[in-house]
Amino acid sequence: MGKITEQVDEVVIRFAGDSGDGMQLTGGRFTESTAIIGNDLSTLPDFPAEIRAPAGSLAGVSAFQIKFSSKDIHTPGDKPDVLVAMNPAALKVHQKEVAPGGTIICNANAFTLKNLKFAGYETNPLEDKTLDDYFTLYSVEMGKMVSLANEDLEISSKIIDRTKNFFALGLLFWIYDRPLESTKKWLGVKFAKKPEIVEANIRALDAGYNYGETTEIFTTRYKVDKADLPAGTYRNVVGNYALSMGLAAAAEKSKLGLFYGGYPITPASDILHTLSAWKHLGIKTFQAEDEIAGITSVLGAAFTGDLGITATSGPGIALKGEAMGLAVMAELPIVIINVQRGGPSTGLPTKTEQSDLMQAMYGRNGEAPVPVLASATPGDCFFAAYEACRIAVKYMTPVILLTDGYLANGSEPWQVPKVDDLPDFDVSFADESNLADGQFLSYSRDKKTLARPWAIPGTPGLEHRIGGIETEDLTGNVSYDPDNHHYMVETRAKKIDAITNEIASSEIFGSKSGDLLILSWGGTKGACRSATEALKADGKKVGHLHLRWINPFPKDLGEKLIKFKNILIPEINYGQLIKLIRAEFLVDAQGLNQVRGKPISSADIQEASNKLIG
Amino acid sequence: MSETVKTYTKKDFTSDQAVRWCPGCGDYAILAQTQKVFPDLGVDKEKFVFISGIGCSSRFPYYMDTYGFHTIHGRAPAIASGVKLANPDLSVWVVTGDGDGLSIGGNHTIHLLRRNLDINVMLFNNRIYGLTKGQYSPTSEVGKITKSTPMGSLDRPFNPLTVALGAGATFVSRTIDKELKHMQSMIKRSHAHKGTSFMEIYQNCNIFNDGAFSAQTDRDQKAETVLILENGQPILFGTEKNKGVRLDGNKPVIVDIGDKWSVDDVLVHDESDYVIASILSNMSYQTDFPDPIGVLYAVESETYEETMVAQINEAIKKKPKGNVQEIINAGDTWVVK
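Chains as they are written, first to last, in numbering that gives the first Met the number 0: chain A, 0 to 613; chain B, 0 to 336.
It is worth saying that the hints were derived from the structure and are not from the lab.
Given the structure is predicted, the values throughout are model-derived calculations rather than measurements.
Be careful, since some hints might not be right.
To be verified - Cβ-Cβ distance ranges computed for the label pairs, FRET-style:
1. Ala-191(B) to Lys-184(A): 54 to 62 Å
2. Glu-299(B) to Tyr-573(A): 53 to 61 Å
3. Ala-191(B) to His-272(A): 33 to 41 Å
4. Glu-223(B) to Tyr-486(A): 51 to 59 Å
5. Ala-191(B) to Tyr-573(A): 57 to 65 Å
6. His-484(A) to Asn-322(B): 40 to 48 Å
7. Gly-437(A) to Tyr-273(B): 44 to 52 Å
8. Pro-481(A) to Lys-132(B): 17 to 25 Å
9. Asp-289(A) to Tyr-273(B): 21 to 29 Å
10. Ser-504(A) to Lys-320(B): 57 to 65 Å
11. Gln-310(B) to Thr-499(A): 37 to 45 Å
Ideal placement from N, C-alpha and C gives every residue a C-beta, glycine not left out.
Generate the whole structure from the sequences, applying the supplied hints.
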């Protein structure tokens with residue numbers, strides 16, 4: 000047929016359609032096939048806030064972006080090279096972000112007068128040539144095609160019409176040379192009880208693939224070679240799932256029971272769902288009556304010797320604040336996960352943001368220091384969760400783990416770790432050997448970590464009381480003594496500072512000194528790394544330092560910072576880490592702050608960098 | 000519980016901390032009865048856990064030489080739930096008050112009751128806020144003059160027993176701080192009940208609401224104002240036990256036993272009858288009725304922790320020897336060489 004195959008390094012595709020069009024599922028299947036091929040990849044789902052906005056409306060558009068590459072990549076990409084738009088609303092919302100010269104593939108059958116009007120088009124963009132100067136536009140009658148492919152099946156036309164996303168998927172599989180088998184297998188499992196649905200979707204998938212192969216509309220296929228990833232076994236992993244596995248691994252290694260208490264909230268609920276499905280590991284999940292009961296039940300479980308975990312998002316953290324203070328006072332190990340979303344108030348529940356850092360640091364009454372760490376990538380959520388649990392137990396303290404909507408729902412290829420290779424996680428509960436002259440000192444401390452003993456109910460001879468009232472050093476009795484209070488405030492702070500002994504020295508990617516240091520935390524790591532790579536390629540003396548721990552900071556952070564003339568801190572907030580850095584190190588750091596509910600692009604970071612260093 | 004239980008005395012349950020309630024507070028009697036009864040419960044001391052929130056009553060755990068956790072306002076039922084689910088073998092007690100358990104923590108109280116964890120709730124009801132020095136509480140009568148309600152309170156009060164019954168409690172009882180023997184038997188009944196037991200204790204705050212229950216505790220009056228419930232027995236009261244509660248349709252009426260009515264006409268208490276419990280609980284705030292004490296309602300039902308453990312065991316049976324590595328390795332994987 001005279002088709003050309005062109006070699007490319009990387010591609011960004013965005014699937015967009017109505018929330019009923021199955022875009023997340025389509026993106027998920029494309030991701031799995033891409034992972035199996037061995038490309039490096041990064042994904043960004045973008046859900047509408049409404050559960051089911053009216054079909055065809057702008058508010059109801061759901062999208063899924065994937066970047067895949069033969070190289071090591073760090074972000075889901077800035078501007079899509081290809082946009083698949085299943086209806087006019089999807090085109091309207093996403094067309095302006097398509098890279099100039101990019102490709103737009105539309106389902107022509109959805110461009111009806113009604114849908115066009117609903118999306119605010121006065122004329123049909125597939126016909127009025129407004130897009131032609133900028134993009135390569137393919138108008139494909141997907142609805143009609145799936146209807147023809149399935150016309151002899153005895154199922155309703157409505158169900159057949161719903162298979163058009165698999166037509167689009169099949170077409171993209173052809174263009175980018177991906178195998179269909181794993182998706183067909185997946186369909187067979189997913190709809191095992193409805194073989195006619197399996198058949199209809201497989202026919203749609205094949206129809207899409209064959210459409211690319213046989214028509215002369217598509218002349219070019221693209222080949223993206225395997226990425227040169229470190230040797231090992233890989234799988235694709237989504238952030239919330241990786242995080243849940245990290246928690247389960249922590250429980251298994253420490254031999255502690257895992258008690259998860261939480262209240263449903265976007266975008267953290269998947270952690271509750273995932274852990275609830277792992278009852279065969281002995282995991283206990285408790286859907287509490289509210290956010291407060293979520294964390295307080297966890298505190299009760301921690302008092303009783305379980306590894307206590309709760310996860311929520313910003314509004315839930317606000318409600319949990321008082322209980323976190325109690326955890327600080329009672330010195331009990333719990334992990335509080337904040338899957339950050341746009342705020343304030345209800346904000347943008349389905350969109351990402353990094354604006355709860357100050358809340359994590361200071362959002363409690365009194366002097367209540369809590370260790371704070373953040374995940375950097377979807378796969379990193381596994382290791383961050385494990386680390387949070389380990390530190391909580393070792394130092395007998397609540398720990399806050401920050402992730403965000405982008406990390407929680409995004410995915411990447413993940414080198415499968417071995418649980419055996421994770422850092423040791425030994426726990427010993429106090430017993431009668433902890434008695435001093437027959438007395439149990441519930442607030443005596445380990446000399447190195449300053450942790451108090453973990454004495455759990457059921458242990459003979461160690462009966463004791465703890466509480467939220469200031470405790471007397473050693474005995475743990477109620478104390479209103481002014482000097483004792485000062486001492487205990489100081490001791491609790493010192494205990495958190497002691498965690499610096501666990502934190503590796505700050506690694507800088509790129510130049511170790513020079514014109515600019517890009518400093519990041521959380522989910523902006525990938526964009527900062529990409530920007531640094533690009534700036535380095537331009538010959539700039541730029542380094543990138545990513546923080547896993549924000550409280551405490553790594554010991555050597557200050558000395559690393561002062562080796563650069565400029566410091567740029569990109570954050571998806573209005574300037575939070577920057578305040579901590581300026582206050583702690585008295586450096587004139589500059590911010591790049593965007594709060595648009597989506598990741599900062601590496602292009603924007605490059606631009607801001609260039610402005611700083613000229 | 001363990002079969003080789005040690006023997007204890009009251010002293011074994013008395014901590015070394017000085018009790019700091021106001022002299023004359025009803026809480027002293029409740030603490031003393033608890034310490035007195037606990038050696039008889041047949042439970043190893045280390046298995047008792049007391050959880051409280053905030054308020055005068057919530058100081059209780061400090062004075063019991065058991066495991067204890069004085070937590071934050073209203074949250075004791077949720078914290079106790081975590082304790083029980085982490086180790087169902089423990090005997091878990093929640094000590095709370097009318098403000099702690101029914102106002103700021105009302106949500107947790109009702110959800111604990113509906114879930115039916117095997118936890119014992121002791122709600123000290125003094126119909127006032129004591130720790131914050133005298134504001135009206137959710138059980139204060141309408142028109143109560145307090146610091147925060149100089150012209151009288153506006154809210155209609157909660158009746159703790161009807162709240163508990165409405166929330167689906169499987170055990171609802173009431174006792175009075177001055178009725179020591181009765182209180183002891185109620186503590187034992189609470190402990191014996193499998194599921195959440197809810198015990199309201201009329202407790203006098205002699206500083207901010209003195210005499211709130213004087214009608215029910217006054218020696219000369221109490222026979223007429225308090226109804227002592229006994230399962231399977233006709234509901235009688237009065238100095239001569241000559242008054243009874245009869246149902247006129249669905250309405251309770253007080254009848255004199257004598258010419259017109261005999262004991263046979265009187266309602267017989269049945270702890271397993273929700274309708275009787277509901278009628279009795281509603282008699283509390285009606286001027287013409289005595290306040291019932293004793294067990295209003297007690298039914299057996301599966302506990303939350305039993306069903307939780309059963310689900311986990313079932314899952315383990317279906318997928319034995321599950322481990323995290325297996326989950327990590329699952330799904331589509333590929334090898335990079």
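Any of the earlier hints contradicted here, and which numbers? Of the numbered hints, just 10 does not hold.
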